[in-house]
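Participant: Take the given structure of chain R and dock chains X, A, E, C and V to it, following the hints.
Protein chains: 6
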Amino acid sequence: MKLKVIMPITSNVFNEEIKEEVKHYVGSNDSLDVENLNYGPASIESEFDEAMAVPDILNKVKKAQAEGFDGVVIDCFGDPGVNAARELVDIPVCGGFEPAMQIALGLGKNIGIVTVLPNVVSMIQDLISKMGIEKRVKSIRYVNIPVLDLGDKQKLEDELFNQSLEAIKSDHVHVIVLGCTGMMGMAHNLMRRLKEAGYDVPVVDPAFAAVTMVRSYVQMGLKHSRLTYMTPPVKPYSWWGN
Amino acid sequence: MKLKVIMPITSNVFNEEIKEEVKHYVGSNDSLDVENLNYGPASIESEFDEAMAVPDILNKVKKAQAEGFDGVVIDCFGDPGVNAARELVDIPVCGGFEPAMQIALGLGKNIGIVTVLPNVVSMIQDLISKMGIEKRVKSIRYVNIPVLDLGDKQKLEDELFNQSLEAIKSDHVHVIVLGCTGMMGMAHNLMRRLKEAGYDVPVVDPAFAAVTMVRSYVQMGLKHSRLTYMTPPVKPYSWWGN
Amino acid sequence: MKLKVIMPITSNVFNEEIKEEVKHYVGSNDSLDVENLNYGPASIESEFDEAMAVPDILNKVKKAQAEGFDGVVIDCFGDPGVNAARELVDIPVCGGFEPAMQIALGLGKNIGIVTVLPNVVSMIQDLISKMGIEKRVKSIRYVNIPVLDLGDKQKLEDELFNQSLEAIKSDHVHVIVLGCTGMMGMAHNLMRRLKEAGYDVPVVDPAFAAVTMVRSYVQMGLKHSRLTYMTPPVKPYSWWGN
Amino acid sequence: MKLKVIMPITSNVFNEEIKEEVKHYVGSNDSLDVENLNYGPASIESEFDEAMAVPDILNKVKKAQAEGFDGVVIDCFGDPGVNAARELVDIPVCGGFEPAMQIALGLGKNIGIVTVLPNVVSMIQDLISKMGIEKRVKSIRYVNIPVLDLGDKQKLEDELFNQSLEAIKSDHVHVIVLGCTGMMGMAHNLMRRLKEAGYDVPVVDPAFAAVTMVRSYVQMGLKHSRLTYMTPPVKPYSWWGN
Amino acid sequence: MKLKVIMPITSNVFNEEIKEEVKHYVGSNDSLDVENLNYGPASIESEFDEAMAVPDILNKVKKAQAEGFDGVVIDCFGDPGVNAARELVDIPVCGGFEPAMQIALGLGKNIGIVTVLPNVVSMIQDLISKMGIEKRVKSIRYVNIPVLDLGDKQKLEDELFNQSLEAIKSDHVHVIVLGCTGMMGMAHNLMRRLKEAGYDVPVVDPAFAAVTMVRSYVQMGLKHSRLTYMTPPVKPYSWWGN
Amino acid sequence: MKLKVIMPITSNVFNEEIKEEVKHYVGSNDSLDVENLNYGPASIESEFDEAMAVPDILNKVKKAQAEGFDGVVIDCFGDPGVNAARELVDIPVCGGFEPAMQIALGLGKNIGIVTVLPNVVSMIQDLISKMGIEKRVKSIRYVNIPVLDLGDKQKLEDELFNQSLEAIKSDHVHVIVLGCTGMMGMAHNLMRRLKEAGYDVPVVDPAFAAVTMVRSYVQMGLKHSRLTYMTPPVKPYSWWGN
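First to last, the sequence lines map onto chains R, X, A, E, C and V.
Under full-length UniProt numbering, the first residue of the first sequence is numbered 1, with each subsequent residue one higher.
Under full-length UniProt numbering, the first residue of the second sequence is numbered 1, with each subsequent residue one higher.
Under full-length UniProt numbering, the first residue of the third sequence is numbered 1, with each subsequent residue one higher.
Under full-length UniProt numbering, the first residue of the fourth sequence is numbered 1, with each subsequent residue one higher.
Under full-length UniProt numbering, the first residue of the fifth sequence is numbered 1, with each subsequent residue one higher.
Under full-length UniProt numbering, the first residue of the sixth sequence is numbered 1, with each subsequent residue one higher.
Just chain R, with the same shape it has in the complex (with noise of 0.2 Å):
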């Protein structure tokens, strides 16, 4: 199994942590290619960032299906080009947000994410609505942290926990799921510590779900369905530089 990974930012910070994870999650089978963006924003925590990313998202995917790939991840939990996408290709495209929810409601009853900024809850609030499971989830709350400074590990990990545990108390929630996929390798360090502190909750990993759904979905013979995302009519385009 091909996968390609795009990570819909024009920064590599998270390139290596990715493959890495995924590498040692995947096993040793499946082949998997990281790719940035070349036109875009350096990260997204705005639907001004999202709209700025999608078009070299979607050129990418494209891509990918012609060079042989059996599935495509965009790798952020705003699910950024998703749609356009499944438009456009007959293999299997996930962002974050779905799979990390697919894989959430099956774990617990109240769903709770953690996420960044204030900037993207509305966001997430859409991506909801539009899952149509807005009885789910409970709780949206946030670190406050930018994504390119989720480098400091150990300030991140202390703030997901601290808004986990109010998740868990406050908004009665038994299942996290990691709001951004820049939170790689902390969901079981914080599981951990969330059942140290007697909450025995499952806690999801957007970008591990995507992985997992992508593949689930090769595995499967299954791609998405074209009365939802039909192929867009032919017309003609003007973009920049061409």
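Treat the hints with care, as some may be off.
Since the list gives no way to pick one copy over another, a pair counts as held whenever it fits inside one copy or between any two copies.
20 Å max Cα-Cα, derived EDC-like pairs, lysine to aspartate or glutamate [unchecked claim]: (1) K135 / D152; (2) K135 / D171; (3) K60 / D126; (4) K23 / D171; (5) K155 / E196; (6) K235 / D152; (7) K19 / E159; (8) K223 / D70; (9) K138 / D126.
None of these hints come from the bench; they were simulated from the model.
Facilitator: Below, chains X, A, E, C and V alone, put in the same frame as chain R:
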């Protein structure tokens, strides 16, 4: 009041029509400016088309604020780039969907949408979910005519009449919303024909609804909440040709 | 355009204020007429008060149509008699609730209402359910001031500020709707004070919203659907003093 | 137990029937009193009719409490004045809709209502929304017979049978609720005919349901919550003839 | 009327109490029979306990019908085996949850449940979802007392009072439902104490509610719909000791 | 990875098929064990059948954990005993419904289920409500073939094709979920036939989905939340033959 209408496609086939209709409606006191995209699709009929339209829409919105416009209409029923635009500027910005539904919500209980192509039905379902008004929309139908063929006004009117009638009879619809801003000039004829057929129902034109809502916000001294649409954090962007 | 504002109470304490404010807002081209009830309660603060107000409201609405008015505002946040009135006449009729929520729906994701007394909170819950927008309204709070004591403007403004702040901080509200049409003249000051406190959020005045929506319907040539609001079957009625 | 049935219309055509049926059902220990309106409509088939019935309904409810009745039924499927009445008195008050749905909710998953005229369908949709049971009601149909023509029992039964059959076959309905309190004496015949047609489904008569629920509240020592139905603040009212 | 109460546990600590209370309530005309399980758990506080109780519950229900009982109460708030039982017999069968909620739905807008242990909160969430009344239930709290320790009536009453007060003040609850059928004899004292504390709210006892609803169905000549609860297809079953 | 599949019926007609299909799918690294019930029904087609299957299912689940299995599939679309099993053990446990819907939620907007008999439709409605995904499921249809007659593969495939086509055309379905774990080997043929008929839609096999999700949980190091599925309090149980 100075209003900017961004026609979010590279084709200018709708420009004169929107100018004339809004002039007729708005009267002589307002200044109205219509502007096409330099970069993007010839028409919007998919999520891919929307994605390709949004970056230049956002350029035009920022320019409109810089040039002193009081409000902006992004003239497409899919509301492309509306949320991102609201993050960027401090003047009211509306697409076609949200205002049309706001108007329709006050006119009758069961709302039906008649749009152009099956391709955009799932996109409209998403817009309805995001707006949180699923309980009010009973039907999404389409005339099966591509956007750039809407110029055949008689065919369009006949198909709108047929689909509206079906929505009323089979889906218990009380209010019709035209599901494309390219369906200008249809609403009043359609209302008349439906009334002659025994159904005295309102028909909402989304382009008029958009201009109406933006003007209302300006008159009421209101703009979008900065708690929903926060200013994007500053960061580097790279782009074609820059 | 000739608009009738029915002040659905026997007290005339709000008449001058609404005239002046709407004049300031609407400009000189419209004619505006304000009329009190002959029979009914001194103020509306319960379902009982509403029930006692509605029969004479309906008389005034029929008279307004007979006298050639283009639209009617029933100036109360509880929308008393609005549906019955729409059954009776062929001109647009609005109360305060529905238009305020229509306006608010386009301004931000999470809406909060601040009203007068705890007595009307359940009534507002019913209005929200009937409108089908439960997903968007996160908070109903009250200043605990009876309607006829709203004349103490400083106390009202302070309590509105306190409750709005609480709605924003505790209930995650992004847009404030004033939950009584007697709270005229508050919206802009309140917006300013909230902005100074760090929250740049819109505040919707329901009386303005009502006038705005009725005017919009008239300008767009729209009235309420006869499939929702059918003409009442003819039958005998007996009444006091007839 | 002393029960008051308020027949909320000026016509007395249903009085004997309700007395007899309830006597048959309730047995000999209860006292039952039926009372018409002095002021109001001859029948209730619109929101306008309801509005004209409510003031005298409220008079009768207050009188019933003063005369020592233990509970009150407002005998109409539209629940006219029920909420206002609960604000006024400390004894249980029910209309026909809420009790019929309470009974139906325990009898099967998908509920269908068959009412009199298309005019009241939107009113019933509002009642369903206010009760918060949208997920359970799959169908609202009507026999298209005015209330005061329900005396043609054979025609009524045949049309109820036809519409119930359609509700079962086309709308997946499992439980039928009769949508007018004037449909007395129909439920058991209708159940028998539906069972003979292969559908063993319960049919709920709203007048019986109303008497049943009021009696249950009295027996259980329960009355309506004063946190939902607060006592109206004291104030002046002016009224015809006073 | 002959009613069977199945106490779905092997312990008989509640038998006398239910007999006495129902006798006091139902009066002398009804025959009431209480029966424990031979096989199952000592109390029900988990989904596992429910699963172990259901097979013998179903035996007792079939026996009750064979012995000519008119209706059956399965006396547990979790409604264990209720749906399966309805498939098996043609007489009304109720547990404690559904009837308690049916009663509560007519008493006030916002409902709160106070149950025994945190273990059953998710089970109650499932029952609410299945009944489709999520919009009406605002709070699920617990006294943290195991079922078989409910005999300490003073401790139970105090904790119910504390949790009910919290539900009213913090969760905006208007109606309290006791979330365990072992909380007999609490409702009226609790109502009195809450009223003394300034909150005139009804408290629903689920055991009484269950008997009330079964009796109502019998009196109305209604039983459960065979389109929801179809007769199980005939097939071989193997069982312990058979 | 060692997986246990519990075939929750006493018939072993499906055992070889599931082994072979999962082997083909899972590959050679995993160990898979299939085990029937000793006590229970020959097939599951009602809530009664489920109730009779659950006690021995729970025995088998506990045994599987004791024997060192990494995860358990309870191979039935009705998810019988899944929640109770999760209370008992610390390894992932899945039935067929929840995983099939988790997979389907990521493949297209409108989901349709095609199951065996009308008897289980209400049970599936309950599962959908409990999962909180009502907005996504547009259709539940059935082939009207009893579980133990599913061996006639051609008849099954033809009926699945007919009902799927109807779901797509009449109910606007985009994704098909097979509503019985006995429909193994159907998904890919059905997808091919639907594609040939012009509908390129995914078909989800619930047995594969179940194995996939359990394997995903094991690989991700996740298990069910102890805040949803608490360990049952210790107490005496009596049982047949003990």
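Participant: Which of the numbered hints above does this structure break?
Facilitator: Failing hints, ascending: 1, 3, 4 and 7.
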